[in-house]
Amino acid sequence: MTARPPSGQYPSDEGPGHAPAATGAPTGPAVPATFLPARTPTRTGPATAHRDESARPGGSADRSAPTTSPEPADGPRPSRAARVSYGSPPVPRAPRAGEEREAEDGGVEDGGAGGPSRVAGRPVAGGGAGPDDVVEDERGVRAAPALGDEERRRLLAGAHHDPHAVLGAHPVPGGVLFRALRPYARSVTVAAAGLRARLRAEGDGLFSGVLPLREVPDYRLLVAYEDAELELHDPYRFLPAIGELDLHLIGEGRHEELWRALGARPMTHQGVAGTRFTVWAPNALGVRLTGDFTYWDGTALPMRSLGGSGVWELFLPGVGEGALYKFEIARPDGGHSLRADPMARRTECPPATASVVHASHHAWGDEAWLARRKSGRVHELPFSVYEVHLPSWRPGLTYRQLAEQLPAYVRDLGFTHVELMPVAEHPFGGSWGYQVTGFYAPTARLGTPDDFKYLVDALHRAGIGVIVDWVPAHFPKDAWALAEFDGRPLYEPADPLRAAHPDWGTLEFDYGRTEVRNFLVANAVYWCEEFHIDGLRVDAVASMLYLDYSREPGQWTPNAHGGRENLDAVAFLQEMNATVYRRCPGVVTIAEESTAWDGVTRATHHVGPSGFGGLGFGLKWNMGWMHDSLAYLAHEPVHRAYHHHEMTFSMVYAYSENYVLPISHDEVVHGKRALVSKMPGDWWQRRATHRAYLGFMWAHPGKQLLFMGQEFAQGAEWSEAHGPDWWLLDPSYSAEPDHRGVRDLVRDLNQAYAATPALWQRDTDPEGFSWVEGDAREDNVFAFLRYDAEGSPLLAISNFSPVVRHEYRVGAPDAVPVWREVLNTDDRRYGGGGVVNAEPLKAEPTGWHGRPASILPVLPPLGTIWLRPA
Numbered sequence: 001m002t003a004r005p006p007s008g009q010y011p012s013d014e015g016p017g018h019a020p021a022a023t024g025a026p027t028g029p030a031v032p033a034t035f036l037p038a039r040t041p042t043r044t045g046p047a048t049a050h051r052d053e054s055a056r057p058g059g060s061a062d063r064s065a066p067t068t069s070p071e072p073a074d075g076p077r078p079s080r081a082a083r084v085s086y087g088s089p090p091v092p093r094a095p096r097a098g099e100e101r102e103a104e105d106g107g108v109e110d111g112g113a114g115g116p117s118r119v120a121g122r123p124v125a126g127g128g129a130g131p132d133d134v135v136e137d138e139r140g141v142r143a144a145p146a147l148g149d150e151e152r153r154r155l156l157a158g159a160h161h162d163p164h165a166v167l168g169a170h171p172v173p174g175g176v177l178f179r180a181l182r183p184y185a186r187s188v189t190v191a192a193a194g195l196r197a198r199l200r201a202e203g204d205g206l207f208s209g210v211l212p213l214r215e216v217p218d219y220r221l222l223v224a225y226e227d228a229e230l231e232l233h234d235p236y237r238f239l240p241a242i243g244e245l246d247l248h249l250i251g252e253g254r255h256e257e258l259w260r261a262l263g264a265r266p267m268t269h270q271g272v273a274g275t276r277f278t279v280w281a282p283n284a285l286g287v288r289l290t291g292d293f294t295y296w297d298g299t300a301l302p303m304r305s306l307g308g309s310g311v312w313e314l315f316l317p318g319v320g321e322g323a324l325y326k327f328e329i330a331r332p333d334g335g336h337s338l339r340a341d342p343m344a345r346r347t348e349c350p351p352a353t354a355s356v357v358h359a360s361h362h363a364w365g366d367e368a369w370l371a372r373r374k375s376g377r378v379h380e381l382p383f384s385v386y387e388v389h390l391p392s393w394r395p396g397l398t399y400r401q402l403a404e405q406l407p408a409y410v411r412d413l414g415f416t417h418v419e420l421m422p423v424a425e426h427p428f429g430g431s432w433g434y435q436v437t438g439f440y441a442p443t444a445r446l447g448t449p450d451d452f453k454y455l456v457d458a459l460h461r462a463g464i465g466v467i468v469d470w471v472p473a474h475f476p477k478d479a480w481a482l483a484e485f486d487g488r489p490l491y492e493p494a495d496p497l498r499a500a501h502p503d504w505g506t507l508e509f510d511y512g513r514t515e516v517r518n519f520l521v522a523n524a525v526y527w528c529e530e531f532h533i534d535g536l537r538v539d540a541v542a543s544m545l546y547l548d549y550s551r552e553p554g555q556w557t558p559n560a561h562g563g564r565e566n567l568d569a570v571a572f573l574q575e576m577n578a579t580v581y582r583r584c585p586g587v588v589t590i591a592e593e594s595t596a597w598d599g600v601t602r603a604t605h606h607v608g609p610s611g612f613g614g615l616g617f618g619l620k621w622n623m624g625w626m627h628d629s630l631a632y633l634a635h636e637p638v639h640r641a642y643h644h645h646e647m648t649f650s651m652v653y654a655y656s657e658n659y660v661l662p663i664s665h666d667e668v669v670h671g672k673r674a675l676v677s678k679m680p681g682d683w684w685q686r687r688a689t690h691r692a693y694l695g696f697m698w699a700h701p702g703k704q705l706l707f708m709g710q711e712f713a714q715g716a717e718w719s720e721a722h723g724p725d726w727w728l729l730d731p732s733y734s735a736e737p738d739h740r741g742v743r744d745l746v747r748d749l750n751q752a753y754a755a756t757p758a759l760w761q762r763d764t765d766p767e768g769f770s771w772v773e774g775d776a777r778e779d780n781v782f783a784f785l786r787y788d789a790e791g792s793p794l795l796a797i798s799n800f801s802p803v804v805r806h807e808y809r810v811g812a813p814d815a816v817p818v819w820r821e822v823l824n825t826d827d828r829r830y831g832g833g834g835v836v837n838a839e840p841l842k843a844e845p846t847g848w849h850g851r852p853a854s855i856l857p858v859l860p861p862l863g864t865i866w867l868r869p870a
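Per UniProt numbering, numbering through the sequence shown is continuous, rising by one, with the last residue being 870.
Keep in mind the hints are simulated off the structure, nothing from the lab. Watch out, some of these pointers could steer you wrong.
Now the in silico label distances, taken between C-beta atoms and shown as ranges [to be verified]:
1) His605 / Val172: 51 to 61 angstroms
2) Glu839 / His606: 34 to 44 angstroms
3) His670 / Ala560: 36 to 46 angstroms
4) Asp503 / Glu839: 48 to 58 angstroms
5) His605 / Gly205: 51 to 61 angstroms
6) Arg828 / Tyr733: 11 to 21 angstroms
7) Gly671 / Glu839: 41 to 51 angstroms
8) His639 / Asp495: 41 to 51 angstroms
9) Gln751 / Trp364: 22 to 32 angstroms
Remember, it's a predicted structure, so these values are computed and weren't measured experimentally. C-beta atoms are modelled at their ideal positions from N, C-alpha and C, and glycine is treated no differently.
Work out the full structure, taking the sequences as your base and the hints as a guide.
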């Protein structure tokens with residue numbers, strides 16, 4: 001765990017944040033109503049439209065606020081100026097007393113018997129009033145020293161590094177200086193216990209004045225607009241709401257709980273409820289906060305830079321959960337850009353692009369699952385995965401609705417895990433989630449982050465693990481997201497030959513920058529800890545490892561040693577894996593790595609022949625097995641003899657890594673055809689080959705992964721627009737038994753697999769596998785033995801020819817006198833022809849295939865059988 005500073009310095013010690021009360025009541029100590037008179041708001045005409053953000057510096061065509069606001073049911077809204085609140089909710093107030101009126105110079109004149117309030121302010125060193133004095137006449141407010149031209153320009157341009165030094169309340173000789181930046185306001189008045197003083201207008205929305213006090217009081221601002229007056233906490237009276245240790249760890253790139261330090265965090269700070277906003281933008285000249293609470297005008301909310309950390313911060317009182325926001329970045333070139341929060345934990349639903357203030361309220365119910373997970377080793381346990389694209393599995397369902405259907409379906413089929421294609425927010429649905437802009441936010445298309453937690457919780461309570469596809473290889477170039485975030489390359493390398501990915505039109509991450517590595521490592525931990533994810537399948541690892549990936553000579557920059565290995569990416573993957581395994585016991589990381597990189601699943605501290613330590617993954621997709629086996633089956637049976645090695649070659653390297661055998665979404669799209677449609681022959685032959693292949697796959701060393709729709713032999717390619725063809729399982733459909741049979745086979749494969757330790761207990765041990773017949777190329781037959789830790793065997797035999805092979809002699813160990821068939825893919829229950837071994841098979845003392853005994857099973861055409869000792 002990351003070391004934490006003393007209580008009160010760490011964000012989580014501030015207490016839980018919450019949204020402001022619906023009534024708009026103040027969140028801090030109440031000021032007596034007698035000291036807070038205000039005019040009753042009046043409506044003078046229809047509401048003005050929101051100002052077009054693209055018409056001002058930093059504007060953007062992708063703004064999240066609508067260009068016009070609907071009128072409320074009771075009539076038109078007040079004018080825009082009256083509606084700008086800049087953070088705090090309006091406080092309903094009584095009409096102004098007739099005997100009290102404000103003087104133009106900011107004082108309150110005696111106009112009646114009531115007179116001015118008589119409550120002492122807190123003294124300030126050097127001020128004119130003593131501790132027992134009262135402010136009798138507010139007309140004594142002095143003009144504040146004028147801001148220098150350059151400082152004023154930078155403040156108004158959103159390019160000031162420390163607006164808190166200019167705005168807010170500050171002791172000065174002779175009193176306390178108050179300054180507020182409130183565009184569109186008619187007046188700003190400082191209100192404290194016994195004190196009301198109108199500040200002088202400086203122009204450009206600036207208001208200031210020096211009050212004869214000795215201490216900065218606990219004050220609020222009364223901001224009068226054309227048609228309303230609001231009571232607000234001043235954001236510029238608060239100390240930084242982020243601790244020094246957080247900033248130190250961010251600067252070093254070692255903050256493993258980065259999501260607790262950066263982004264929007266509802267909290268109570270200095271006794272006031274609001275939200276702390278922080279963002280890392282080291283190259284920015286300035287950063288302003290904007291959102292629906294400012295009507296998308298960030299002029300009044302510049303943020304402060306916190307030293308050399310590159311972090312900008314602002315605590316905004318009165319803003320809570322559900323608020324929309326973005327950061328307005330003042331770039332080094334003088335321009336402005338409006339950016340979503342890279343650390344946002346919730347987002348608007350695309351195509352809208354704003355970030356959303358969020359705090360989780362989900363109560364987890366998966367304690368038993370997590371306890372079991374800690375004690376297990378994934379390599380020595382059943383592990384069969386159902387890959388799902390959530391938006392299209394049942395189109396139109398939300399996370400919570402999926403929680404009512406997906407766990408029951410997966411559990412019925414017997415899969416141990418689901419793998420969810422990327423759930424992190426992405427702007428283009430057609431990317432299937434692989435072009436991420438919101439790395440810390442589950443996509444809002446299906447609900448809120450708590451809704452996604454509800455789904456994970458439901459899967460865990462059903463006994464199903466959850467793996468999530470994670471994409472740290474690249475990100476899209478959208479101008480509102482990570483690309484040149486603060487006006488210069490930040491998350492991406494400055495070298496354009498390393499930044500741009502030639503295949504996907506995206507940008508790669510700068511793994512050599514410690515803060516960027518921290519962003520990604522903390523993100524991996526975030527999904528595992530905050531969402532109880534059981535595994536991360538890391539996408540496109542090969543594109544990270546090689547500097548020349550999909551690049552021609554002259555289009556890539558070598559590493560410091562002149563090589564093509566991305567040494568920074570290697571270090572990042574090692575750090576990510578080591579951190580996840582240290583912090584999250586029982587979690588597994590899985591690499592989609594399509595090359596022969598040495599040591600993908602080797603421990604990071606074990607140096608291999610290449611001179612590198614292992615990358616530290618738990619498992620790796622066996623892309624070679626998948627390509628070779630599918631290529632073999634694509635041939636007509638009569639031609640398969642010439643490609644026999646494609647089914648056996650995987651065992652040459654099967655124990656070089658810890659493998660998953662993937663039939664994933666990538667293999668059933670873009671003209672590759674669905675799994676059953678890859679097989680040659682008529683419909684019966686294609687289904688039979690499909691079933692035989694699944695039987696071969698489930699018996700082969702390695703864990704299994706099957707994409708949705710392939711479990712019932714869907715014939716069409718997958719489309720994210722409409723998902724699996726569930727209608728194939730409609731009893732009214734004439735071919736429904738064919739598809740239901742394949743689904744029933746998958747269920748039985750998973751059940752037999754889970755009940756047979758020989759198929760998973762020694763997946764990474766060469767002693768757990770032995771070929772019986774690997775050279776029968778003319779027969780298209782493969783036979784092998786799997787052993788569990790006690791030496792108990794399972795014999796798997798596959799016949800990939802359309803010929804029934806009666807009494808096909810197969811070698812067997814003499815320790816097993818009788819075998820029985822436990823699974824046959826040609827069983828009539830699965831839509832097969834019913835060529836089965838109904839009776840036990842007695843071993844004969846005839847040696848065969850180098851074995852001391854043999855048996856004579858019948859091999860079904862295009863079928864796989866599993867035999868166990870009787």
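Quick rundown of the hints versus the structure:
The supplied range of 51 to 61 angstroms is met by His605 and Val172, whose beta-carbon atoms lie about 59 angstroms from each other. Between Glu839 and His606 the C-beta distance comes to about 50 angstroms, which lies outside the given range of 34 to 44 angstroms. At roughly 38 angstroms, the beta carbons of His670 and Ala560 sit within the given window of 36 to 46 angstroms. Between Asp503 and Glu839 the beta carbon distance is about 56 angstroms. The supplied range of 48 to 58 angstroms therefore holds.
Here the CB-CB span from His605 to Gly205 is close to 59 angstroms, well matched to the stated 51 to 61 angstroms. One distance hint, 11 to 21 angstroms for the beta-carbon pair Arg828 and Tyr733, holds here, with the actual separation near 19 angstroms. At roughly 46 angstroms, the beta carbons of Gly671 and Glu839 sit within the given window of 41 to 51 angstroms. In this structure the supplied range 41 to 51 angstroms holds for His639 paired with Asp495, their Cβ-Cβ distance being about 48 angstroms.
Taking 22 to 32 angstroms as the suggested C-beta distance range, the pair Gln751 and Trp364 conforms, at roughly 29 angstroms.
Checked against the numbered hints given earlier, the structure breaks only hint 2 and satisfies all the rest.
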